[in-house]
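K.L.:
Chain by chain, the residues:
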Amino acid sequence: MITAQGLKKTFRSRRGSVEAVRGVDLSVEAGGIVGFLGPNGAGKTTTLRMLTTLLEPTEGTATVAGFDLRANPVGVRRSIGYVSQAGGSAPEALVGEELEYHARFYGLSRGDARRRSQDLLPQLDLAGLDTRQVKTLSGGQRRRLDIAMGLVHSPGLVFLDEPTTGLDPQSRANMWEHIRRLRNNNGTTVFLTTHYLEEADALCDRIFVIDAGLIVASGTADELKQQVSGDLVQVEVASGTEGDIDKARGIAAGRPGAEQLTVDGAVVSFRVSRGDEAVVGLLRDLDAAGIALSSLQVQRPTLDDVFLALTGHALRDGSE
Amino acid sequence: MNAFRDAGLVFSRAMKISLRNPAWVVIGLLQPILYLALFGPLLQRVASTPGFPPGDAWQVFVPGLLVQLGLFGAAFVGFGLIAEYRSGVIERMRVTPMSRFALLLGRVLRDVVVLVVQALVLVITAVAFGLRAPLDGILIGLLLVGVLGITMASVSYATALVLKSEDAFAPLLNTFMLPVMLLSGIMLPMSLAPGWLYNLSRVNPFSYVVDGARAAFRGDFAAGAFLAGSVVAAVLAVVGVTLGTRVFRRETS
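Protein chains in written order, with the working numbering: chain A, 106 to 425; chain B, 32 to 284.
No wet-lab data here; the hints were simulated from the structure.
These figures come from a predicted structure and were not determined experimentally.
Below, computed lysine-lysine pairings styled on BS3-like, alpha-carbon distance capped at 25 Å:
hint, chain 1, residue 1, chain 2, residue 2
1, B, Lys195, B, Lys47
2, A, Lys240, B, Lys47
3, B, Lys195, A, Lys240
A short list of chain A residues far from chain B (calculated; beta carbon distances all over 10 Å):
hint, residue
4, Arg120
5, Arg311
6, Arg354
7, Ser374
8, His418
Glycine residues also receive a C-beta, built at the ideal position from the N, C-alpha and C atoms.
Chain A with its partners taken away, still in its complex shape (with noise of 0.2 Å):
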């Protein structure tokens, strides 16, 4: 669905150029979520506004939906959807007008256009808001508005630039499954972005690490975990006292592969590839050198730790 090579942009102001973007390759398979995640000003936006004809590539080619970005860009413009971070409608148009219009920008006509609109407005639970005038409308429902125009002409691939920024828990929620149907009744390949870990493991199906202008990584939330740091596992001594401590560490340590030991406290914490099988082994040792734990904890690696391996520093989740 998309293949790019070697995309980069480079803004130039007086102040000199920033290399927003560095050198981005990427290949998207049909189908499916894709999730593009960095923190801001990693050039997410950038790489979007490229692949949807908004911007110019300093360097590299690509191509989208089956059209060369540089040599057919109304090809892609009509096959793709684009719903940018900042939204599109005016807040004095009316919900259905505004929605109407925007399928006949893409040729339909004015019946297919009123059709297409009546259909896609209950299926973002917008049904009845026809007439009400965009400013009216609620964060989420300004959001579900820009999204049904994103799909008014039933492309095969959108763009959701940051689709869920700035809405509350549970619209959020409601966003995910609005994009889910999409994917899974549709069939539509989505690429979003997003900085938020949560968003990115939850629903997708692919994702790329973008940090810098470069990606640093690719593939699915379990292989990003995996490749990067394996399971926390964490015990608690019961007694707390420093002799059983210390043994406990001693046994810790002689887990196969056991990483990263640490103490704090009673508490004893190690990383290793397979923590649902280290804890066998562990708990039966501890039994048998007479050290009683007070809890058990065994965490599966967070998209937040694949980030701060990957980029050395920590991804700021949902600090704006």
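Please build the complex by placing chain B on the supplied structure of chain A, with the hints as guidance.
P.N.:
Frame of chain A, contents of chain B only:
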């Protein structure tokens, strides 16, 4: 895709939104009507001054007001575009396969229609005040306002699209509009001016349009002033639309 069909869609969408908030159309009209009521009567006295152009005071003043309406009414439309840009509407239209020329033309047409309606109301009000002019002259005057509107709206949109900020657009507009107005003879005919000022006004293309509109209101279509004004208005419109389209193509390609 057909650029004119696209422009028609952009026009009708923009028109619907404008009609939903007609306050701006009324506010735009208020200024020329105030001039008509509060400045027009002064001119009656000045009309006997040597150097005052032929025709009675209203025949001289109303065409000037029409040109002023065309200049100012359309020069400010860029603010609307900046608002549209900010709300993401421009970008949303840019990802559609619509012709870039249509994105500009549709909006300009909306502005011209609003302008001509305003001009019509102005002329009718002026008749109530005492304007007497041949009908064909008035119609041609309205046409000139429309052509002027095309020029100003195109240039205004292009400038707004480049600047993308009200804070930059407003001072630029003021800096440009004030000398253009003062040197066009809209308020008082430039024939009253000292030689150097008259010569300076001749550099301002809009002064020819004002003179042309005045000739039309006298019914003097054979006058050189009428021909010059019409040609200048047409050339300005072609230049304005070309420039606007170029900027729209570049900024929204």
